Amino acid sequence: MTGSTAPPAPFTGRVGRADAAFRYATIAAGLVVLVVLGAIAVTTVRRALPAFDLMGFRFLTSSRWDPNADQFGAKAFLYGSLVASAIALVIAVPVSIGIALFTTQVVPARWRRPIIYTVDLLAVVPSVVFGLWGILVFAKVVPGFYDNIASAVHPIPGLRSLFGSSHGRSYMTAGVILAVMITPIITSLAREVIDTCSPSDREGAYALGATRWEMICGVVLPHAKNGLVGAVMLGLGRAMGETIAVALVIGSANNISANLFASGDALPARIANEWGEAEGNWRAALIGLAVTLFAVTILVNLLAAFIVNRSTAKSQGAR
Amino acid sequence: MLTAADLAPRRSRRTVTNTAMTVLMALSVVAILVPLAAVLYTVVSKGASQLSPDFLTKDIPIVTRQKGPGIGPAIIGTVLITTVAAVMAVPVGILAAIYLNEYSAGSRLGKIVRFMATVMTGVPSVVMGLFVYVLYTLRFKQNAFGGSLALAFLMLPIIIRSTEEMLKLVPNNLREASAALGARRSRTILTVSLPAALPGVVSGCLLAIARAAGETAPILFVVGATNTVNANMFNGVNTALSAQIFTNAQQPFAGAQARAWGAAFTLLSLAFLVTLAARLITARFALKR
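Here the protein sequences line up with chains A and B, keeping their order. Here the working numbering runs 29 ahead of the position in the first sequence, where the first position is 1. Here the working numbering runs 203 ahead of the position in the second sequence, where the first position is 1.
Read the hints as simulated data drawn from the structure, not as lab findings. Small disclaimer: the values here were computed from a predicted structure and weren't measured. Certain hints may be false.
[Stated by the list, open to error] Here are the simulated SDA-like cross-link-like pairs (lysine to any residue), alpha carbons at most 20 angstroms apart as the crow flies:
1) B/Lys491 x B/Ala399
2) A/Lys169 x B/Gln453
3) B/Lys371 x A/Glu221
4) B/Lys491 x A/Arg139
5) A/Lys169 x A/Val74
6) B/Lys371 x B/Gln453
7) B/Lys249 x A/Val166
8) A/Lys104 x A/Asn288
9) A/Lys104 x A/Pro123
10) B/Lys344 x B/Lys249
11) A/Lys169 x B/Pro455
12) B/Lys344 x A/Glu308
13) B/Lys491 x A/Ala138
[As the list claims (entries may be wrong)] Across the chosen pairs, the derived CB separations fall in these ranges:
14) A/Asp224 x B/Pro374: 19 to 25 angstroms
15) A/Ser194 x B/Lys314: 51 to 57 angstroms
16) B/Leu393 x A/His196: 56 to 62 angstroms
17) B/Leu341 x A/Ala324: 37 to 43 angstroms
18) A/Pro184 x B/Val247: 40 to 46 angstroms
19) B/Arg217 x A/Ser227: 19 to 25 angstroms
20) B/Ala382 x A/Phe86: 55 to 61 angstroms
[Said to hold, decoys possible] Which chain B residues stay away from chain A? Per the calculated CB distances, all over 10 angstroms, these:
21) Pro256
22) Gly296
23) Val316
24) Asn376
25) Glu379
26) Glu418
27) Phe437
28) Ser445
29) Lys491
Glycine is no exception: its CB is placed at the ideal position from the N, C-alpha and C atoms.
Sequences and hints are given; from them, build the entire structure.
Dropping the structure here:
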C-alpha cells in the first residue's frame, strides 16, 4: 500500500501545547460540576454532624423541634414538604399534560409559540414574587373558599378530617402556589417527549377512524408514558426544594395534621425562616435539614434522569 | 332505505368524549393563565405606582414601618451580585459544554459530567446557600461575593446544558472544513463551532441570569442585609431586591408592603427584560433545530 493511512501528526511545539492546554481547561471546567456536588455533600454533612449525633435517627422520626431544649426532630417538616408537593402535583400534572397536549395536538402550528411563551413567562417570575403575592393576596382570599369546602364536606366522615377549618396560610395554599410554579417545567418537558411521537403512528390511528382523543390515548400517551413520569418526578424535585414562596405561605407551624387547610412547615421553609436567629446546635440542625433535603431531591432527580434517559434511548431505538 | 338523517354526522358518545377532552385541554391553558394574569396584575397595579426616581435611588429606611423613600441599595446589590456571578459561571459553563460536546465523545467521564450537570440543576437554592455559607461565609463573613458564588453555582449547570444543546446544532461539516484547512482543534472550536452557536449560547446564559437574579435564600444566608449602598463585593454585608421583598412581605405595615410591591415590580421588570432579550436573540439569530 502506497498511500499513507497514518493519522495526521499531532500539532507539536507551542501550537500543540496551546491546543492541549485548551483541552485540559475544558476538562477542568467539566470537573467543577463533580467537585461542587461532592463538596456540597461532604461539607454540609460535616457541619450537620453535631445535630445528627445529638438526635440520631430521631432527627427524622421525632416531631419535637425545640431549639431551647436541644431537641431537633424534623418529622413535621418532612411531612409538610411531602403534603405540599403532593398537592402541587395533583393540581399541576393534569394541567401541564393538558397544556402540552393542547399545544402539540390541537392548536394550529402558528398558535403554539404564543401559548408556549406565555406559559414560560411563569418560569421567569421569581419565587419570592409568588410568595409575596401568596401571602398578601392569595392567602387573604382563600379562607372563604376553604370554609365553604369544609362546610360542604363536613357530613362526609373521611373528607371531614382532610378539609377542616383554616386561616389562609396552609399546606393547601403552599401546594397551590407550588403547582403554579412547577407547571411550566412539567409542561415544557412533557411537550418535548410528546413531540417525539412519530407522525405516521398518529396518522395511522386517524386512518383507523380514531377521534383525536382516541388517537392521544392510543398512540401519544403510551409512547410518552416514561418521559411523562420523568417530567413529573423533576417537577416533584422542584416542588420539594422550593423555599421562599413556601416559607411565606405555609404558615410556619411545627404541626402534623391531616387537615390540608391547617398550617404546617416544610424543610426548606424552616431553614429560611430560622437561619437568622440560629446558633450552635440549632444551626447544625438546620444544616441537617438541608442535608435531608439535598438527599431527597438528589434521589428524586436521579430517578427522574434515569427514567427519562431510558425512555429517550427506547424511542430513538424504535426509529 | 337511506334517509338524509342517516347520512348526517351523528353526535355519538365518541365525538362527545372527544369534544369534552378538547375543551378540558383548552381549559388547562386557561387554568394556568389565570394565576399568571393575577400575579402580573397585582404586581403591576401595586408596584408600578411606587416607582419614582427616589424609590430607585434612595437608601432603604431603617424603620421598616416608615413609608418610602427607596430601595436603591437593593437594586445595586442585585445587579452587582448577579453580574459577578455571571462573570464566573459563564466562561466555566461554556468551557464545560465544549468539553461535553467537542471532546468527550463516548468517554465515561463525559457521560458522568453530563449526568451530574442534570442532577445539579435540581439542587435547591437553599442547599446551595448553606453550602456557600459553610464553604465561604464562615471564613470570610457575609458579603456580596458569597452571594455571587452561590448564584454562580446555581447558574452553572443551566449554562452547561443549554450551551451543549446549541453546540450540538452546529453542523459537523463546518468542523470538518476547518480541520481540512489545517486548523487545530482548539482553533476550530473557538473560531468556527462557538461563533456558529453563539446567539443560542448567549440566549441560554441570559435565561440563566434572569433566573438567578430572583434567587432569595442564598442572599439571606450569605449576603446579609443592609440599608445603604455597599459597592465593595468583599467587605461588609449587602442586600438584594429578592431579600428585600422577602423581609418586607412579612411586615404588617403598609409602608413595608408598598416597598415590597415596588421591589417586586422592579425585579420582575429586570427579569422580563433579560428574558425578552434572550428570546429576541433566539428568534433572530440562533440556529434552529
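The hints, checked one at a time:
1. B/Lys491 x B/Ala399: The hint holds at about 11 angstroms.
2. A/Lys169 x B/Gln453: 14 angstroms, holds
3. B/Lys371 x A/Glu221: 17 angstroms, holds
4. B/Lys491 x A/Arg139: Measuring from Cα to Cα gives roughly 16 angstroms; hence the hint holds.
5. A/Lys169 x A/Val74: 39 angstroms, violated
6. B/Lys371 x B/Gln453: Distance ~46 angstroms between B/Lys371 and B/Gln453 Cα, so the pair is violated.
7. B/Lys249 x A/Val166: 11 angstroms, holds
8. A/Lys104 x A/Asn288: Judged against 20 angstroms, a Cα distance of about 16 angstroms means the pair holds.
9. A/Lys104 x A/Pro123: 29 angstroms, violated
10. B/Lys344 x B/Lys249: Violated, at roughly 36 angstroms.
11. A/Lys169 x B/Pro455: 13 angstroms, holds
12. B/Lys344 x A/Glu308: 15 angstroms, holds
13. B/Lys491 x A/Ala138: 16 angstroms, holds
14. A/Asp224 x B/Pro374: 19 to 25 angstroms: At 22 angstroms between Cβs, range holds.
15. A/Ser194 x B/Lys314: 51 to 57 angstroms: With Cβ atoms ~53 angstroms apart, the hint holds.
16. B/Leu393 x A/His196: 56 to 62 angstroms: Holds, since B/Leu393 and A/His196 (Cβ atoms, about 59 angstroms apart) stay within the stated range.
17. B/Leu341 x A/Ala324: 37 to 43 angstroms: 22 angstroms, violated
18. A/Pro184 x B/Val247: 40 to 46 angstroms: The hinted range 40 to 46 angstroms holds for A/Pro184 and B/Val247, with Cβ atoms some 43 angstroms apart.
19. B/Arg217 x A/Ser227: 19 to 25 angstroms: 24 angstroms, holds
20. B/Ala382 x A/Phe86: 55 to 61 angstroms: Given a distance of about 59 angstroms, which is inside 55 to 61 angstroms, the answer is holds.
21. Pro256: 23 angstroms, holds
22. Gly296: It is violated; B/Gly296 is separated from chain A by about 8 angstroms at its closest Cβ, not greater than 10 angstroms.
23. Val316: 4 angstroms, violated
24. Asn376: B/Asn376 clear of chain A: closest Cβ-Cβ about 18 angstroms, beyond 10 angstroms.
25. Glu379: At about 13 angstroms from chain A, B/Glu379 clears the 10 angstroms cut-off, so the statement holds.
26. Glu418: The claim is violated: B/Glu418 sits with its nearest Cβ about 7 angstroms from chain A, within 10 angstroms.
27. Phe437: Consistent with the label, B/Phe437 stays out of reach of chain A, its closest Cβ about 21 angstroms off (over 10 angstroms).
28. Ser445: 5 angstroms, violated
29. Lys491: 13 angstroms, holds
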